[in-house]
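Asks: Put the two chains together into one complex, using the hints given.
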Amino acid sequence: MPINYYIFLSLAVFCIGIIGVLTRRNSIIIFMCVELMLNAANLLLVAFSKMHHLVLGTNFPTLASEAQVFVFFIMVVAAAEVSVGLAIIVMLYRNTHSVDVNFLNRLKN
Amino acid sequence: MNAIILTAIWGIVMMFGGVFFKSKSTPKYWAIAGLVLVFLSNGYELLNGVPFFEIDVKNMLHFNSFNLTFIAVALFCTLLFFLLNGRDIEKVGENVSEYFALLFFVLCGVAIAASFNSLLTLFLGIEILSIPLYILTGSDKRNLKSNEAALKYFLMGSFSTGIMLMGIAFIYGGNSNGSFLIDNINLGEGVMPPMIAVGLVFLLIAMSFKVSAAPFHFWTPDVYDGAPTVFTSFMATIVKAAGFIAFIRLFDNAFGKTQAQWQTLIVVITAATLLIGNLTAVFQQSVKRMLAYSSIAQAGFMLLAIFALNDYAKEGLILYTAAYSLATIGIFAILIKMSDYTIDGFNGLAKQYPAIAVCATVFLLSLTGIPLTAGFQSKFYMLLAAIKNGQQNWLVIFAVLMAAVSAYYYFKIIQAMFFKEDNQQAGAPAIMVEKLTPAFTYLLYFTALLIVVLGLFPNLLTTWLYY
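Those protein sequences? They're chains A and B, same order as listed. Taken in order, the first sequence gives residues 1 to 109; the numbers are from the numbering used here. Taken in order, the second sequence gives residues 1 to 467; the numbers are from the numbering used here.
Next up, chain B with everything else stripped away, as it sits in the complex (with noise of 0.2 Å):
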């Protein structure tokens, strides 16, 4: 409740604090310190149960450990994100305190979604959620991939909502009790009505639209490619994060006694996702493009969690979404200050900048999955989740191997940053667009460090669940 509260109202500040800000780098500090006061109201909230504000929602959002978790990763790395990238957002264009409001309100949204309770808040949270998201993905005016990414996000979100509003409608007229609050949709046993099956189909396609599930997924790589770079690095962790814990606890809550009726589709859909992605991303020449393939495919493993549906897959989603979310907005930070966004702009970077080249080769390691780091933990964690559900085992080697196919294309980037020479042409343009100021490193260190941390000690962060 803190976090949904104090973001909006910190979103509004920021609006109308674009009047009054003279200095284009007095917005990053306001934001700054704004995040992390809602951080420390939710961390109240999640140590102490009880929020700022006595609210009666009726009972259409609903906060416990779990979702106070979520949000309190969704803010840490959002602070993370602000820290490191603060002065590329104010590079983006003039409006600089905007976008951190927007950015404020997709967080909000991204509160709304992960404590949902009724598919009233699901349909809003979405919504606020996505709305600020298609500004901030068309924010680069001038540039024309940008007005495509925008344009192509925009029609594909708006169409999905169509969807997932078809599918709430067939879900309340199926729900005899005339309730839209996921508890009463509740269904036991046996079969289900024919109404509530169509609906679920349609929402399921509509949050696989939304967390780029295969074969859904067509919009994900010319946005993340065409949106400014800053914002692809939000937009592929927090908001994808958002998404999956939406999706899990609306197919936990609503649906999770039907299982067996539906999991077919989750298991086409998990292998398609783990297929697509990680097939395509191996042929990327532009490491931007190839990080939107390896979202897809990082997709597929969270996707595990949904099939396997116990408390291994919402441990071990807690820990996926911090791993992935810490790993890929280090490697966006790195990528954001090199000039040539090519595999081959990441040529010799290691000898020119030893330290960065060792924090990106963590990051790249968590993503593939390699031991001692957070990436290995949570993948173990998805693996064991579906095994424990017994179901369709081969699903399990799949992921495996997939995760095998993925190192290829990671560790192609360790290859261009150790092993090759740079251009040393004269007049060939610098690794890094500018200098790296010390402060920027140190938290790049930070970061490599908290992944190894999480990576040894992955209970750090799931003992909250049951706090």
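Next comes chain A alone, as it looks inside the complex (with noise of 0.2 Å):
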């Protein structure tokens, strides 16, 4: 398959994310379209990295699989991210009993 197909593919997840992020109220949505655009990321790595490895693999055949090395680093940081953002969530719904970041454009001055 074209390399394309996967640009295109994880470009689309992106900007769902994004999109989400900026539309969203909810802040747990929002926390979860985050998490689809750090997917998108790994997913296009690791069609990168079998590009790569196409076509260097045949002389160095670790060289191109960093990638997929990055893809692990990303998901350790995306959970160690996930502990403290529903940490800093549920703290919030304890004092306010709201997850929906509206409320929080109340305490504005």
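No lab work stands behind these hints: they were computed from the structure. Fair warning: there could be bad hints in the mix.
[To be verified] So, partial list: chain A residues that the calculated Cβ filter (under 8 Å) puts toward chain B:
1. Ser27
2. Met37
3. Leu45
4. Ala80
[As the list claims (entries may be wrong)] Below, a list of computed lysine to aspartate or glutamate pairs in the EDC-like style, where the Cα atoms sit at most 16 Å apart:
5. Lys145(B) <-> Asp100(A)
6. Lys58(B) <-> Asp183(B)
7. Lys337(B) <-> Asp183(B)
8. Lys388(B) <-> Asp311(B)
9. Lys257(B) <-> Asp140(B)
10. Lys58(B) <-> Glu66(A)
[As the list claims (entries may be wrong)] If you want a taste of the chain A side facing chain B, the calculated C-beta under 10 Å gives, among others:
11. Ile19
12. Leu36
13. Phe48
Beta carbons: idealized from backbone N, C-alpha and C, even for Gly.
Replies: Set out below in structure tokens:
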């Protein structure tokens, strides 16, 4: 399959994520959209890794596999972000009994 | 290398120490002792070029005098921050030891972000530096403003992380070497491949988010205002400075030769940051919020280094981070002790605390960029670098005009301190919430003195770049 398909797919997922972050008001859904953005990047990295592997892999079998290791790092960081983010959302819920970000704009000044 | 490993280890020590420390003030002394240790070992590495730990990092981290000097500056400013504000960190909440542990983890991220040599370590550094900060921003758990700030910071931070990863993926795809090392991206002359150009724009947006450059600055005032003031002081200085060092290293090493193709973007961002930061700061009533906008404005000046990308820019950026961090930590240390955070809260400070008012004046003059202070030298270096670059000279004139605007809102505080009467009605709260300890006062003198010394002899710091 040409690499273009992968690029279009992950860009589509990425755009869904961005639009979700910008339009939704529930902080958990915003958070899910951020995860979509991270996973779009993961998908693209793996696709590019295979693409480079086809070109370079014959001479240096390990050379093009760096991106696949990168994906594991992204997953670990995303897990750390999830734990911190959910803790923050729970803390907010305890104080306001809502996870709506519109509520926050009322606090401005 | 020493700084990365020792801060991580000391962070873990502080984290588990929380179980054993009986008194609330013990963690502070442990943190200060640990930081002195890290600072000395980093200094040893800077002087001798040999780290204590021989670790094969596969060229993913690169240590030279530039980033070791910056790490030294960051550690020194943090040490000053701990010494000045240690007691205020204890007042934020119950888990004092954990706050210090998180601050050490942020420092570990600062050291990684300053010395990355691969897009992987850039990403890890930026994340290690951000994630503990989300927690610290929300550490005042009962306060709704702190909750709001933490959520906003977290959502905006992870959003920009997503954009950064997309940029990294595109750069990896467009780079035919199939490698994340920034030396391998190093493009020659000629037009950039489209995929790398897309990745560059994504990375530029993500880094602008992290250093709060306009038009991606909108989270900054709310986050800085809502976070506990001690942690705002840390966020606005050391963390922002580390963001800039990562920014300049990335754009200098990876994209430096194709600068002509992306310089316009930087010019637009710089001009917008200077304009928005300075003009909105003028209208603020709360000093804390004003300092948040002023940090955006100062970021505009630091962006001139990324616009210029020459030796003056590097020297200037180190000097700028030192001058800006010292002055901002100083003014925040005074602000934390105030009972009223509005500008009127400073009325008559000079009558009751003349020495503190003089120190505050030195800090504010340095932030404005008045000669004899470090702020002047650093602004001078930035403008010099931009002129030596030779492109877009109007930006230099614009930056000077905006520095003149910044004088208005900094001087408003000086005017309030020296020329206005304090509230003398019966029952009015005292200007300071608590009695100042002599140690705190002497440290403020020391900070102010350091700013003046750096303003007179900037080469005390910049020579380390060529050590």
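Asks: Does each hint fit the structure? Answer for all of them.
Replies: Against the structure, the hints:
Annotation: serine 27(A) was flagged as interfacial toward chain B, and the flag holds, the nearest CB pair being 6 Å apart, inside 8 Å. With 8 Å as the threshold, the beta carbon of methionine 37(A) comes within range of chain B, its nearest partner Cβ sitting at about 3 Å, so the hint holds. For leucine 45(A), the suggested interface contact is upheld, since its CB lies about 5 Å from the closest CB of chain B, less than 8 Å. The beta carbon of alanine 80(A) comes within 6 Å of a beta carbon in chain B, closer than 8 Å, and the hint placing it at the interface holds.
Between lysine 145(B) and aspartate 100(A) the alpha-carbon distance is near 15 Å, which keeps this suggested pair within the 16 Å criterion. Annotation: proposed proximity of lysine 58(B) to aspartate 183(B) holds, straight-line Cα distance about 13 Å (limit 16 Å). A hinted pair counts as satisfied when its Cα atoms are at most 16 Å apart, and lysine 337(B) with aspartate 183(B) does not qualify at roughly 47 Å. Distance check on the hinted pair: lysine 388(B) and aspartate 311(B) sit about 10 Å apart at the alpha-carbon level, within 16 Å; holds.
Proposed proximity of lysine 257(B) and aspartate 140(B) is contradicted: the alpha carbons are some 46 Å apart, above 16 Å. Pair hint lysine 58(B) plus glutamate 66(A) holds up; C-alpha atoms about 12 Å apart against a cutoff of 16 Å. Interface hint status for isoleucine 19(A): violated, as the beta-carbon distance to the closest one in chain B is roughly 12 Å, over 10 Å. Taking 10 Å as the C-beta contact cut-off toward chain B, the hint placing leucine 36(A) at the interface holds, the least distance being around 8 Å.
For phenylalanine 48(A), the interface hint holds, the least distance from its beta-carbon to any beta-carbon of chain B being 4 Å, beneath 10 Å.
Violated hints, listed in ascending order, are 7, 9 and 11; each of the other numbered hints is respected by the structure.
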